[in-house]
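Protein chains in written order, with the working numbering: chain U, 255 to 532; chain W, 518 to 636.
Treat the hints as calculated values from the structure; they're not laboratory data.
Be a bit skeptical, because a hint or two may be false.
[To be verified] SDA-like cross-link-like pairs, simulated, lysine to any residue; straight-line CA separation at most 20 Å: (1) W:Lys551 / U:Tyr322; (2) W:Lys551 / U:Lys278; (3) U:Lys342 / W:Thr610; (4) U:Lys342 / W:Lys551; (5) U:Lys301 / W:Arg630; (6) W:Lys567 / U:Lys419.
[As the list claims (entries may be wrong)] Cβ pair distances, simulated, as ranges: (7) W:Asn562 / U:Lys436: 40 to 50 Å; (8) W:Phe623 / U:Gly341: 15 to 25 Å; (9) U:Lys276 / W:Gly573: 50 to 60 Å; (10) W:Asp624 / U:Asp467: 44 to 54 Å.
Being a predicted model, the structure only gives us computed values, none of them experimental.
Where is the CB? At the ideal position from N, CA and C, for every residue including glycine.
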Amino acid sequence: MAKIIGGIGTSHVPTIGVAYDKGKQEDPAWAPLFKGYQPVADWLAAKKPDALVFLYNDHATTFFFDLYPTFALGIGERFEIADEGAGKRPLPPMRGNVDLSIHIAESLVNDEFDITTFQDRPIDHGCASPLPLLWPHQPDWPGAIVPIAINVLQFPIPTAKRCYKLGQALRRAIESYPQDLKVVVVGTGGLSHQVHGERAGFNNEDWDMEFLDLFVKNPEELTKLRHADYIKRGGAESVEQIMWLAMRGALEGEIRELHRNYYLATTTAMTVTLYEPA
Amino acid sequence: MNPQLAGLEGLEGTYVFDLRTSHRAMKLNRFLWKMIGADARHAFNTDPEKAMTDAGLTETEKDLVRRQDWIGLIRAGASFFVLEKFARVAQRTNLEVYAMMRGETFDEFMATRRVPECR
Numbered sequence: 255m256a257k258i259i260g261g262i263g264t265s266h267v268p269t270i271g272v273a274y275d276k277g278k279q280e281d282p283a284w285a286p287l288f289k290g291y292q293p294v295a296d297w298l299a300a301k302k303p304d305a306l307v308f309l310y311n312d313h314a315t316t317f318f319f320d321l322y323p324t325f326a327l328g329i330g331e332r333f334e335i336a337d338e339g340a341g342k343r344p345l346p347p348m349r350g351n352v353d354l355s356i357h358i359a360e361s362l363v364n365d366e367f368d369i370t371t372f373q374d375r376p377i378d379h380g381c382a383s384p385l386p387l388l389w390p391h392q393p394d395w396p397g398a399i400v401p402i403a404i405n406v407l408q409f410p411i412p413t414a415k416r417c418y419k420l421g422q423a424l425r426r427a428i429e430s431y432p433q434d435l436k437v438v439v440v441g442t443g444g445l446s447h448q449v450h451g452e453r454a455g456f457n458n459e460d461w462d463m464e465f466l467d468l469f470v471k472n473p474e475e476l477t478k479l480r481h482a483d484y485i486k487r488g489g490a491e492s493v494e495q496i497m498w499l500a501m502r503g504a505l506e507g508e509i510r511e512l513h514r515n516y517y518l519a520t521t522t523a524m525t526v527t528l529y530e531p532a
Numbered sequence: 518m519n520p521q522l523a524g525l526e527g528l529e530g531t532y533v534f535d536l537r538t539s540h541r542a543m544k545l546n547r548f549l550w551k552m553i554g555a556d557a558r559h560a561f562n563t564d565p566e567k568a569m570t571d572a573g574l575t576e577t578e579k580d581l582v583r584r585q586d587w588i589g590l591i592r593a594g595a596s597f598f599v600l601e602k603f604a605r606v607a608q609r610t611n612l613e614v615y616a617m618m619r620g621e622t623f624d625e626f627m628a629t630r631r632v633p634e635c636r
């Protein structure tokens with residue numbers, strides 16, 4: 255049976271992808287970010303998971319607001335990395351695992367989590383920005399991703415509690431997959447930031463630290479918060495941190511935080527964390 | 518009112534993008550969204566007025582696009598996440614757009630950041 259061996263929390267700021275493509279890994283302004291991912295990349299290289307389940311959000315790239323799924327799971331041998339207005343990135347298409355994705359879709363729907371599915375559509379920086387910092391891509395990615403997009407753009411968006419429950423259902427799906435695969439669940443987004451309006455540039459480091467501590471010790475507390483609470487505390491777009499709660503739901507129970515890197519350079523508190531079941 | 522969002526009424530400088538806004542500004546958002554396609558970018562760069570007319574934009578919306586009035590576009594109902602696709606076409610970085618939305622020069626805005634060189 256497949257098994258969840260750990261969880262990763264990561265920002266998915268598009269600028270990370272731009273800096274990566276421009277080779278800014280050693281640039282003093284960027285090095286604290288890239289170095290912060292190295293322990294997680296090393297852990298992945300040592301543990302060799304077969305698949306990363308990415309709980310991420312589309313940024314009106316794969317989908318437009320005329321038909322915007324609350325939860326959507328991607329199925330494909332490959333996922334093209336989307337052109338978001340600046341052209342294609344120099345990365346190979348991400349790898350998928352069709353059988354695993356379909357099993358997860360079947361399990362979720364039979365478990366009353368009626369998820370949308372998509373095929374043959376490119377995926378944006380929600381997955382593609384952090385992925386090359388986690389996994390090497392030359393000559394090819396070492397494993398598959400299972401992309402699960404969560405609407406955090408067009409309200410109504412799912413509640414924090416619903417995201418946690420998605421994670422719980424995802425765990426049942428993964429653990430019922432007959433092959434002995436090693437799976438890591440990745441929750442993306444955050445931490446504090448706001449990118450629209452006159453309040454753009456808002457951050458709240460104290461709240462970020464509280465969130466990271468509650469995330470390990472008392473995630474129930476975070477599932478009780480309303481969207482308005484996240485928006486007030488961490489900035490409008492930080493509400494996407496509810497996607498971390500989906501990852502936490504998949505790692506229900508006690509977890510150990512193996513690594514944390516927090517780098518607030520300009521506008522988004524860029525964070526990466528690594529967890530293992532305790 | 519969506520109870521998940523209650524209490525945000527007094528939060529200045531924040532414009533919640535919900536179905537009401539999305540419905541009101543569907544054509545504007547679709548126009549901005551299409552900038553992820555090379556053909557749409559080419560059409561806009563070749564003849565911006567025709568591209569905006571073809572997209573069904575109102576005169577007010579056209580004017581906001583012409584002047585690259587970022588905060589005006591947000592107030593008109595644009596989602597930031599399609600606005601940033603247009604920003605690529607307009608050769609503006611997100612940091613520059615943030616500064617303009619705040620009514621600051623780029624240097625003024627970057628001076629408020631911890632690591633201004635991180636761009």
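**Prompt:** Which numbered hints are broken by the structure, listed smallest first?
**Reply:** The structure breaks hints 2, 5, 6, 9 and 10; every other hint is satisfied.
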